[in-house]
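In order, the protein sequences belong to chains A and B.
Counting from 1, one number per residue, gives the positions in the first sequence under UniProt numbering.
Counting from 1, one number per residue, gives the positions in the second sequence under UniProt numbering.
Worth double-checking, as some hints may not be accurate.
Residues from chain A shown here face chain B by an in silico Cβ test under 7 Å; the list is partial [said to hold, decoys possible]:
1. F37
2. A253
3. T257
4. W285
5. R286
6. L288
7. T293
8. L294
9. R510
10. Y517
11. A524
12. N527
List time: in silico EDC-like cross-link candidates among lysine to aspartate or glutamate, alpha-carbon distance up to 20 Å [unchecked claim]:
13. B:K165 x B:D134
14. A:K327 x B:E74
15. A:K125 x A:E185
16. B:K207 x A:E185
17. B:K207 x B:D143
18. B:K194 x B:D134
19. B:K207 x B:E293
20. A:K191 x A:D43
21. A:K123 x A:E82
22. A:K123 x A:D43
23. B:K207 x A:E139
24. A:K327 x B:D98
No wet-lab data here; the hints were simulated from the structure.
Where is the CB? At the ideal position from N, CA and C, for every residue including glycine.
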Amino acid sequence: MILSEEYLQSLLDKAYPQIRSVADCAVVLEGSIAEGFGNSSSDIDFLLIADSDADLPTMPSLLFVDGRRVEIRTRSVRQVAEQFSAVTAAAAGRPGAAPEDLLNRCQRLLRSFPLRNPELVAKVKGLMSFDDFQDTAREWWAHAARQSVRYALVLRQLGEEREAAAWTEAGLLQAVKSWAAGRGEAYLEPKWLPMQLDRIGDHPLCARYRALASLDVSGLDAADYVTEGARLTVDLGVTGAEPEAGRITVARAGAVTTWQTGERVHVVRGQQDVFVLGDRAARAWRSLVFGRTLEQTLATAQVAGVPQAGPLIAQFLRFGLVRAAWKGEGTIVPRMPLAAPSGDVTPPPSTARPVVGIGGAAAGGAEAVDLVPVPARRFSAAAMTLVWSNVLVENAREDLVGALDRGQWSVAQLSARRMLRFSLRGVLSAYAVNPLPPDSEVVRRLSLLPAAADLDEIRASAPSLETLTVACDTEGAAALAALDDFVALVRRATGAHSFPSSFGSSDGWRQTLEIGYDWLRLGAHLNADLPIDEASDLLSSGGAQPHATSV
Amino acid sequence: MRRRLRVLVTGAAGLVGAEVTARLAAAGHEVTALVHRTPVLVGNDGTPLEAAGVRCLTADVTRPRLGLSEADHEALAGGIDRIVHCAAITDFGRPEEDYQRVNVDGTAHVLELARAGGADLVHVGTAYVCGERDGLILETELDEGQRLANAYEASKLRAETLVHKARADGVRSAVVRPSIVVGDEHTGVVRDYKNIYVVLKLTTEGKVRSIPGQYEARLDLVPVDYVADVITQVTERFDEAAGRTFHAVGAPLTLRDFSDVMAEYPSFQVPRFVPPTSFDLGRLPREERVYYERVVALYESYFRRRMAFDASNTAQLVARPAPGGGQDFLRRLIDHCLESGYLGAPLPGVADVLARLDLTGADVSGPAANDANGAGR
C-alpha cells in the first residue's frame, strides 16, 4: 500500500469523532489504496461494518482530514450478507445480470484491509469465497465483451467501420478485464487496468492487448482492427463473438411500429417518438424482416433500390428502432460498464416546418430518419385535424357557392367566415398546434406561428377576410375569389397542395378517404384525440361526399 | 387407467385430424385413421406420424357406406367404440355442392356407421355455426335463426343439426366446436397456411390494402394443439361429454390488435380498415380487386363480427387452461410465418439482383396470378 497502516489508523482516529459510529464495529480500508494502487490524490475509503441486522444508510459521509478526501460508508452484517447473496443469485441467472455497483461493493470488501475488529472483518469476508467472486467477475466482463464485439461486427458489416472500431476497443478492454479477473485481478473499475496487467507480469496476452488497446495505437485500419480485436478477444477466453457469415440477424425492438400515410413512412417508438423516413430510408426500413441475416437484409434492400443500405440500418439500430441478434443467442445489447448509461439514442428534433402535411411529416431528404418535434399523440391528432380541416374548407365553400346562387347573403357571409376559419385550423395544425384554439380565436392565434414569408402573408390577409361582408352578387363573387386565393395560399404554405383539389371528382374523394383512414389507423393505435365530429361524419357517411349537391 | 378404446378418426390426414390421431394413439388407444387419398399422416410440426396402434383406412365420407363394400362397412362398424368426425372442407370459396357432399352428406354417412355399430360420435363442428349473431354465444345454442355468412357455415349448421337429430335414434354424440384453427400455442408452428393465413399474406404484402371492417370486430384464433387436446379429452371422457357441446376457442383478437401487431413488422403493410358502409369494391385498383374478390371477400363477414364464445362446458371437462396470450400469441404465429418464409419480403435471388442492375427497371414484385390461394410459397 502507498500509505502506512499507522497513518491510516491516525486518519481513522481523526475521522471517527465526526461520524456516528456503532460500538464494536469493524472498520476496513477498501478501494484503490487497499488494492495497492492509488496515488496522492486518491480518496481514502473506509467501510464501517456493524455486527447487527440494522438498515444502515447507503449514502457515504464525506470528510476532509489532513487535506485528504475521506469517504465513509456503513453496512450491517446483514446488509453485507444480502449483497453477497444477490451477486451469487445474479451469477446463477443470466450472465452479466449483476448490477455493476453491487459487484463493485463486494469486490472492494473482499479485498479490503482491516483496521478495527479484524475478527468481525474475517467473519464477513468468509460469507463469500474470493474464488467464486473472481469467477463471477470474469463471466460478467466476458458477457460485456461478447456483446461489444458482436455489436462491432454488426457495425462493420453495415459499413460503419470507425464506430465498429470504437466498440472493438471497448470489447477488448472488457475481454482483458475478464481475463485478468480470472487471474485474481478482479478490481472492477478499469482505470487501474495498466497496473493490474503489470502485476500479472510478462505475459504475451498483456503485450498483445497493449498493442491493440486502441485503434490509434494499433496502426491498423478500422476494418482490420475489428478483425484483430475479435481474434484477441477469443484468445483472452471470451468465446461467442467470432466473425461468421450468417450469424447476425435482424430482431424486433419492443414497442416500435410502422405507419404509412400515402407514401410517407413513420416509425413510432414507445408510442411516444415519431421518426419520419425519407424515401431511401423508408425502402431500407421496409427491407427489414425479423430473423433474416444482415447479408439477406442488405441484399433485399439492394433489390428495393437501396444499395449500401448499411449506414441507414445502423442509424435504425442507434435509435432503437430495430435490434441486431446473434443467431440462437438473442438480442445483442452492447454497453460500456462503468461508463455513461447506455440506451437508445434520440436525435435532436427535426427543424423542418411545417411539422406535418396531409401526406405525412416533413422529412429532410431521402436518407432522413428525422425525429418529429412533437409527441406521437399530438402529432397524430394534429395530422387528423389537418385532414379534416381541408375537408371542411370544401364543405364551407360548397355552402358559400350554394348561398350565393340563391342570394342568401347572411348564410353566404357565415359560410365565408367558416371557410376562412377552417383553413386556419389547417395552418395551425400543420405547425402541430393541438388542441386548437376556439374558432373565434384562430386569426389572432396565428401569432403562435414562426416568421416565414407564406405565414406572414397569411397573417396579413386573414383579419380582413374575417370581417368580409356579403350583401350582394358583387361582394359575394369578390369574397369567393378572395377566399379561393387565400385557401390556395394556405395549401401552399402547409404542403396540402397534394390534397384533392376537386371534391366533385370521385377519385379525389376516394383519395381523401384513404388518407383519412391512414391517419385514423395511427390515431387508433395511439388513442389520439380524434377530431371526433368530423371523423365520425366521414366514417358514417358511407363514403358519400358531405354536402354534395344533388343537382 | 382408462379403457383402451377402438377409435375411428375421419379426416385423419387433416391438420386437426392428424393431431387427434397422434394423441389418441399416444394414449394407448387403437386408432383407425380414415383418409381420403394419401395413407400418410403428418403431424402439425411436419413430421410423419408413425405411431403404433394406428391403422390407415382409405375411404370416402361423401359416398354411402364411406365407399366401402357392405362387408367391410359392417366389419368396421363392429370394430369401433368411438368415431371422431374431423373430415370436412374448411376453406372458403368452394362451390356449394362441395360443402353439401363433404360436410353434410359426409356427416350423414358417418352417422350411419355410428348407428350400424352402436359407436359413440364426437363431431367436430365450428364455433362459427353461430353465423352473424352478436354477443355471447352459448355452447347450448345452435339454430337461433341466425344469418350465416357463407356456404361453409351453412353446411356445418346442417351437419350439426343432423348429429342432434340422430340422438333421437340412439346415436350418442358430443360436439366440439373450434373457432379459427391456427398454429401451436407455444411455438406458433402450423403445418398448413390456410384461411386467415392467406389473408395475412395478402395484406402484409400490400396486395390488399383496404378491408371493410371495424376496429372492434373480433376474430377468435385457437391453437391447433389445444383443439386436439379438447377433442381427445371429449373422446376419452365421453360418458361425461355425451349430449353436450364444447367450444374449443382461444382469446379473441380485435382488428385493432391485428393492426397494432402487424405494424410491429417493418416490412409489413398494415391494411386500412374501412367502415363497411364506406367500402366500394369498384374503386379498388384492378389487381387489388382481383385478390379481394378471390380471397378476402370470403372473410368479409368475420371482419364485422363482435361475438364472444362461452366455453363453460370445456372449462369444466378439460384440464388444460383455455389459451390466452392475445397479441403475444399473434406475434408467435407471425414470427413462425417469417421463420418459415411464408411471410416477409421475398428473399432476392441472383436474378433479382441482376434485374435491378438492369436500368430498364424490371419489376420484380409482380405477384404470380396463381398465388391467390396462398399455396405458392
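Going through the hints against the structure:
no.	hint	verdict
1	F37	49 Å, violated
2	A253	9 Å, violated
3	T257	4 Å, holds
4	W285	5 Å, holds
5	R286	5 Å, holds
6	L288	4 Å, holds
7	T293	10 Å, violated
8	L294	13 Å, violated
9	R510	5 Å, holds
10	Y517	4 Å, holds
11	A524	6 Å, holds
12	N527	10 Å, violated
13	B:K165 x B:D134	26 Å, violated
14	A:K327 x B:E74	57 Å, violated
15	A:K125 x A:E185	17 Å, holds
16	B:K207 x A:E185	61 Å, violated
17	B:K207 x B:D143	37 Å, violated
18	B:K194 x B:D134	25 Å, violated
19	B:K207 x B:E293	12 Å, holds
20	A:K191 x A:D43	14 Å, holds
21	A:K123 x A:E82	14 Å, holds
22	A:K123 x A:D43	26 Å, violated
23	B:K207 x A:E139	50 Å, violated
24	A:K327 x B:D98	46 Å, violated
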